[in-house]
Amino acid sequence: MSEHETVSSSPAHNPFEPLVGGRFIQLTTFRKNGDPVATGVWFAQDQGKLLVTTNGNAGKMKRLRNNGRALIAPSDPRGRALGEAIEVTARELPPERHTYASRLLVKKYGFAYRMFSFIHIFIGWKRGTKRTFLEIEPKSE
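Each step along the sequence shown adds one to the number in numbering that gives the first Met the number 0, with nothing skipped, and position 58 is 57.
Honestly, the hints are just simulated from the structure, not real lab data.
Where hints are given, some of them may not hold.
Keeping only pairs whose Cα atoms sit at most 27 Å apart, straight-line, the calculated DSS-like set for lysine-lysine is [unchecked claim]:
| # | residue 1 | residue 2 |
| --- | --- | --- |
| 1 | Lys107 | Lys138 |
| 2 | Lys106 | Lys31 |
| 3 | Lys31 | Lys107 |
| 4 | Lys129 | Lys48 |
As the structure is a prediction and not an experimental result, all values here were calculated from the model.
Can you build the whole structure from these sequences, using the hints too?
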């Protein structure tokens with residue numbers, strides 16, 4: 000073996016490895032004309048996938064319903080990328096998986112997520128919108 004070769008200690012490479020320990024990701028979705036739109040979001044990892052919550056009427060949801068292609072990158076709380084982007088596919092989780100996704104986010108973010116959820120429910124109730132969840136996985140090749 001040459002000095003430039005490496006041996007992987009695990010059989011399956013985790014493309015989300017750069018996100019381990021991170022609190023935020025930049026989620027970039029694409030308009031119909033191809034223009035990128037980046038936003039910062041909270042996330043939880045689950046069996047090689049990421050789970051994210053957002054308003055069901057948010058622009059990112061409209062864009063993802065049209066085209067599930069997206070990019071993610073580690074970010075600061077304002078959504079400014081702190082690393083390289085990874086191409087992913089995102090889809091809306093069915094309602095029966097929302098409680099599970101919410102529990103993972105509570106486990107990761109604790110009180111801050113509970114407060115966020117309470118405020119989101121109140122604002123959503125006033126505006127007639129509901130929260131939804133995304134499942135993000137590495138783009139299959």
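Results of checking the hints against the structure:
| no. | hint | verdict |
| --- | --- | --- |
| 1 | Lys107 - Lys138 | 25 Å, holds |
| 2 | Lys106 - Lys31 | 35 Å, violated |
| 3 | Lys31 - Lys107 | 33 Å, violated |
| 4 | Lys129 - Lys48 | 23 Å, holds |
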